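S.K.: Chains as they are written, first to last, in the working numbering: chain A, 7 to 454; chain B, 26 to 145.
To be clear, the hints were calculated from the coordinates, so they are not data collected in a lab. It cannot be assumed that every hint is accurate.
[Said to hold, decoys possible] On the chain A side, residues computed to face chain B include the following (Cβ under 7 Å):
#  : residue
1  : Val11
2  : Leu18
3  : Ala20
4  : Gly21
5  : Tyr26
6  : Arg46
7  : Glu215
8  : His216
9  : Gly219
10 : Thr362
11 : Ile369
12 : Ala373
13 : Ile375
[What the hints assert, rightly or not] For each label pair, taking beta carbons as the anchor points, the in silico distance ranges come out as:
#  : chain 1 : residue 1 : chain 2 : residue 2 : range
14 : B       : Arg86     : A       : Leu406    : 42 to 48 Å
15 : B       : Phe54     : A       : Ile50     : 26 to 32 Å
16 : B       : Arg86     : A       : Gly71     : 34 to 40 Å
17 : B       : Val71     : A       : Phe320    : 47 to 53 Å
18 : B       : Phe54     : A       : Thr417    : 31 to 37 Å
19 : B       : Ala46     : A       : Ile410    : 31 to 37 Å
20 : A       : Lys48     : B       : Gly42     : 56 to 62 Å
21 : B       : Gly42     : A       : Val339    : 24 to 30 Å
22 : A       : Thr417    : B       : Val71     : 37 to 43 Å
All of these numbers come straight from a predicted model, not from anything done at the bench. Ideal placement from N, C-alpha and C gives every residue a C-beta, glycine not left out.
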Amino acid sequence: MSVDVAVLIFWLFAGVSILYVIHFGIYLVGANVYDVWQQRRKGIPSDQRSGEYEVDCAATATWTGPARPEVPGLVSIVIAAHNEQAAIVRTLDSIRHSTYRAFEVIVADDASTDLTGRLVRDYQIRHPEIALQIVRMRKNVGKGVALNSALRRYAHGQFVMTLDADSILAADAIGNALSYFDDPCVAGVAANVQIMEETTVLGLLQRFEHMIGYRSKKLYSILNCEFVVGGVASTYRMRVLRKVDFYDTDTLTEDIGLSMKITRLGNRRFRMIYGADVVAKTEGVLTLPALAKQRLRWKYGSIQNLIKYRALLFNPSRRYARTLTYYRMPMAVLSEFTLLLSPLAWTYAVYWSLVTQTPALIIGAYATITAYTLLTIWMDENLTARERARLALYAPTAYLLFYIMDLVQLTAALRCIARSRGLVRRSEINVWKSPQRAGTVVEVARAA
Amino acid sequence: MTYIDESVTLAAQATFGRDGAMFESLLGFVAQLSMVLWSLVILTAVFRFVGIRIYRKGARRAATRETAVPPAAVPPATVRPSVGTSVAVMTSTPRKPRSPRAEPRYRGQVHVHATSSMEL
Numbered sequence: 007m008s009v010d011v012a013v014l015i016f017w018l019f020a021g022v023s024i025l026y027v028i029h030f031g032i033y034l035v036g037a038n039v040y041d042v043w044q045q046r047r048k049g050i051p052s053d054q055r056s057g058e059y060e061v062d063c064a065a066t067a068t069w070t071g072p073a074r075p076e077v078p079g080l081v082s083i084v085i086a087a088h089n090e091q092a093a094i095v096r097t098l099d100s101i102r103h104s105t106y107r108a109f110e111v112i113v114a115d116d117a118s119t120d121l122t123g124r125l126v127r128d129y130q131i132r133h134p135e136i137a138l139q140i141v142r143m144r145k146n147v148g149k150g151v152a153l154n155s156a157l158r159r160y161a162h163g164q165f166v167m168t169l170d171a172d173s174i175l176a177a178d179a180i181g182n183a184l185s186y187f188d189d190p191c192v193a194g195v196a197a198n199v200q201i202m203e204e205t206t207v208l209g210l211l212q213r214f215e216h217m218i219g220y221r222s223k224k225l226y227s228i229l230n231c232e233f234v235v236g237g238v239a240s241t242y243r244m245r246v247l248r249k250v251d252f253y254d255t256d257t258l259t260e261d262i263g264l265s266m267k268i269t270r271l272g273n274r275r276f277r278m279i280y281g282a283d284v285v286a287k288t289e290g291v292l293t294l295p296a297l298a299k300q301r302l303r304w305k306y307g308s309i310q311n312l313i314k315y316r317a318l319l320f321n322p323s324r325r326y327a328r329t330l331t332y333y334r335m336p337m338a339v340l341s342e343f344t345l346l347l348s349p350l351a352w353t354y355a356v357y358w359s360l361v362t363q364t365p366a367l368i369i370g371a372y373a374t375i376t377a378y379t380l381l382t383i384w385m386d387e388n389l390t391a392r393e394r395a396r397l398a399l400y401a402p403t404a405y406l407l408f409y410i411m412d413l414v415q416l417t418a419a420l421r422c423i424a425r426s427r428g429l430v431r432r433s434e435i436n437v438w439k440s441p442q443r444a445g446t447v448v449e450v451a452r453a454a
Numbered sequence: 026m027t028y029i030d031e032s033v034t035l036a037a038q039a040t041f042g043r044d045g046a047m048f049e050s051l052l053g054f055v056a057q058l059s060m061v062l063w064s065l066v067i068l069t070a071v072f073r074f075v076g077i078r079i080y081r082k083g084a085r086r087a088a089t090r091e092t093a094v095p096p097a098a099v100p101p102a103t104v105r106p107s108v109g110t111s112v113a114v115m116t117s118t119p120r121k122p123r124s125p126r127a128e129p130r131y132r133g134q135v136h137v138h139a140t141s142s143m144e145l
């Protein structure tokens, strides 16, 4: 039996194209539904918001190991820092201005060789009203180990919020994050992370990417299939962290590792949710090589975690929502493959567009991406009218900008393949290097 | 210039027209699908704006009602523990007027700790 290769390629292309068009539409519809749900939720008093307590859900999670005292309502904000002198004071300032006051801050200083430790100690003296601790590692042990050390020994909170040293919190972020825990099945809340400054093309690209990426989380949240919770301003119940024994340190993205580890407990009773009103801002990377390096780390870590938690894929257990095991996880795996095939798919599409003299595909793709970007900007609840207008002006360039990101992602995927051995045989990660920060020396001078 | 008298048969010649037609039919289908999905998106966007407006108005009305009622007039009610209370403790507390969240202030001691990977 001979296989018609041309027909096979066509159906492969057609299948993936149709799947992504539908996926794209569902994204947008899901985000709209989430927005209404969010507004409705805000109108309900917190004591009426609670769901049903179950035997072993996030709020009643039990763990084997030493019991530690927990202060009800207290949030332990843990910041992992390694040579963050340019940004750490700004981060602490943003926490200090939080409207929710029951928090303690723990800076896990992973053997910084710059002024990070000194700046934090200065901050302790200048702001004695804040419960601020610094836990200093004697040698560089890696972000996951540093966070584990701080959490296991020094955190007293009922909740834990992790924050990167280059990120700032909105004043109402902590209070808003805690409101989601009225549901006893919520184990963790992902924040709405935005890029701080975007004066460059790369900055603008990251801004658009974050806006669109985080909007897609709305759908996943509504469908209860979110499993990727980043490290910036994500909030967890402490008892859930104790149950899973905190971070694993064998993958490059310990934050995604943690959220997947919690999801593995069963995402019906240990839900990950996206809080669009939990706003944090972070610095974008400044150069293309830095972006390529960051995306390699993210992709490598994501694939490591997908392999590590592959048992979730098509898992029929009733502990998991079907949307997670039969939709979200397979789509996450599929997207890695389609990324690799995307240059071939585009060559195929452009070739046939030229041969059949049909520009519909190119025009359609451009119009769809531009409309999606405009819609995302228009519906972003955290933008001012001025910002909205400014970003809308840049929206027609989004389609072209995303080509840069596709290229960066593709390069990262190819580099992951080149280092494929480490994807399966994972070793302990025990070093880290912070990317170049745009934080100004003004912050340092102010603190010194 | 060299002329070849006999005709050359290309491997894809027989299927070229067919493949082109298939591609064009796919484009047509995707365009129709996109139209359906965009219609759905616009419909839900309208619902979104209307829904948000309704809930916002409802919340504003409830807030106005609550400020009009003096707190003493509100009868005590048993409430589920919110995040502020431990799960093990069910308390009978008076219903509070809707506020963002109770905000106790925590003042721990200022500490500097040192640790090493050996201790972990």
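S.K.: Return the numbers of the hints above that this structure violates; sort them in rising order.
M.R.: 1, 2, 4, 5, 7, 8, 9, 11, 12, 13, 15, 16, 17 and 21
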